[in-house]
Amino acid sequence: MEVRVANVRKEFERFPALHDVSLDIKSGELIALLGPSGSGKTTLLRLIAGLERPTRGKIFFGDEDASQKSIQERNVGFVFQHYALFRHMTVADNIGFGLKVRHGPSRPPAQEIRRRASELLDLVQLSGLEKRYPAQLSGGQRQRVALARAMAIEPKVLLLDEPFGALDAQVRRELRRWLREIHDRTGHTTVFVTHDQEEALELADRVVVMSQGRIEQVGTADDIYDTPNSPFVYGFIGESNALPVKVENGEIWLADRPIGLAAPHAPEGDATLYFRPHDVELLDGCSGCIAGTVAASRRVAGTRRVELEIGGQRQRVEIELPVGHPAAQKSRVAFRPGRWKLFPAA
Amino acid sequence: MADPEIKSYEPYHESRSAAVTESRPAQAVLMAIAFAFLGIFLLLPLIIVFHEALAKGIGAYTQALVEPDARSAIHLTLLVAAISVPLNVVFGISAAWAIAKFEFKGKAFLTTLIDLPFSVSPVISGLVYVLLFGAQGLLGGWLKMHGIQILFAVPGIVLATVFVTFPFVARELIPLMQEQGNGDEEAALSLGANGWQTFWYVTLPNIKWGLLYGVLLCNARAMGEFGAVSVVSGHIRGLTNTMPLHVEILYNEYNAVGAFAVASLLAGLALVTLVLKTLLEMRYGAELAATRGH
Ligand SMILES: Nc1ncnc2c1ncn2[C@@H]1O[C@H](COP(=O)(O)OP(=O)(O)OP(=O)(O)O)[C@@H](O)[C@H]1O
Ligand SMILES: [Mg+2]
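Taken in order, these protein sequences are the chains called W and P.
Residue numbering for the first sequence follows our numbering, beginning at 1 and increasing consecutively.
Residue numbering for the second sequence follows our numbering, beginning at 1001 and increasing consecutively.
Think of the hints as simulated: they come from the structure by calculation, not from any bench.
Hints may contain errors.
[Said to hold, decoys possible] Each computed DSS-like pair below joins lysine-lysine, with the alpha-carbon atoms no more than 25 Å apart:
#1 W:K156 with W:K100
#2 W:K69 with P:K1208
#3 W:K100 with P:K1208
Use the sequences and the hints to build the structure in full.
Okay, structure coming up:
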């Protein structure tokens, strides 16, 4: 099921939690909503589910306008951040709940509901725990029961709010791989919220980066990492350097020297240059480059991070060198960003 | 500074009593005072009630209970409780639901209103009904015109009882529901349950112990209420006398056995309530802990 969010705005008592958000989710896609706390991820997820109504804008499921439909009519599976398992019901009853509350002929007989619950428990690798109560499960097990319960209603869309937020790192990594497998097997259109960028980049087909109630960028992990389209994404995802520069005659200048980068379409005047520490080209001589004195150098896993002081203002930038590279021994290093982007000066 | 090495050699109970500053005799005195107090003010009256009730033998005791006026008082008390407790449950759940789960204007005001009967003397509550429904009251003329009798009749007694008991269930449920939040209900809705199913399968099981506790207290008060009911009842024997009022009348007539026989039923109710309450607290203490408002 495709989901289309069209120009949605959401206000809570005048406070805008989302401004004019649009997003197309393809059928069968696994998508991550990534952003800092308060950026509106949960709000967007709840709007898609129908737990909230948009102040303005529409949400389509396929070609159908779902905006005015209730959550029951939308048929979505929602996994809550704290699972919200029914504590007085057994695991099997929790999973079967969505089938039990159906009306008329669409409600399967009790035996069929039990069978479905066991099947789903197998799928989430918890066979045999039918009779347990939520309080008798570990965090990771509860998480899986919550997912099985959401999948029992054969939802059109699966929505997960920080599904691994409350778990420790080890379990998180395990469940992450496992969620990917389940997704590939069942093919549900899935949206999950996270503020862990590693999780988002590793797990999702596409990542939606959000900030302050807006979508900053949507793309694959490669898109987001290699070609961020805003200073926020540069800063939020991975590491980056920001240097104040000037554009003159279609060239980029640092202090009063050109650094050998052409920017024919950029507006003249002050700007900020963004680039990743590993996306640099080391140079020997310097006619058109960025040069700086080595202020610090440390080994990070397979590479060496070198901090440079640049120009009269002693701007600091960080670049990454191969471990054995001779430049790391010198006191001055010259380089030129490989992939970079200019944004108007802040 | 205490040396942890030495401390760890001390037997467990020794190190415990070291933390309690009072000496043994002082503890004994404090406990004696507490028990003496309870004995004089609770246990002794209870024993006297049963003693007096049975003073002329078991025959006189049962006779006092099956005599028509007593039976009518018991009947009326049960009727009043049977009407006001369910009303209270409906009101209590609605009010708690509204206060705990929605944001709306006037919420603080509603919360204060719910506590009102706790802060007003029951006699005043009764008088308010007299002012409203009495012959000279605000609605008195209209009621008389339509031949509706509220004051000095069962409806008035029920109204007064509902008024004095309405905080019980709501006060018990509000903190409980606030603590539980909306998560479970949202989960149920997202799984396709309608409002009624969500309430029946999810909300109610989540609050059932708190609700039971509230009902228990509410029932005890509904059956035992004297002040407010006394003002609106009119004390018509065999018609508008509840058990507490009947006890008073009999006592004033120097019918000790009768008075204490009926009183023993009320005392029995109190004991049953106490036992159930204790059992509830023992089994579901954690769930009820959030609700210790009063
Ligand atoms: N029910 C509500 N009433 C008022 N404001 C709300 C409500 N829900 C969310 N907000 C506000 O909307 C903004 C976005 O909240 P949201 O919960 O969507 O953030 P989030 O990205 O999920 O953050 P987190 O990572 O901390 O969960 C926040 O500023 C929050 O305070
Ligand atoms: Mg959130």
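Each hint tested on the structure:
no., hint, in the structure
1, W:K156 with W:K100, "holds (19 Å)"
2, W:K69 with P:K1208, "violated (32 Å)"
3, W:K100 with P:K1208, "holds (21 Å)"
Of the numbered hints stated above, the single one contradicted by the structure is hint 2.
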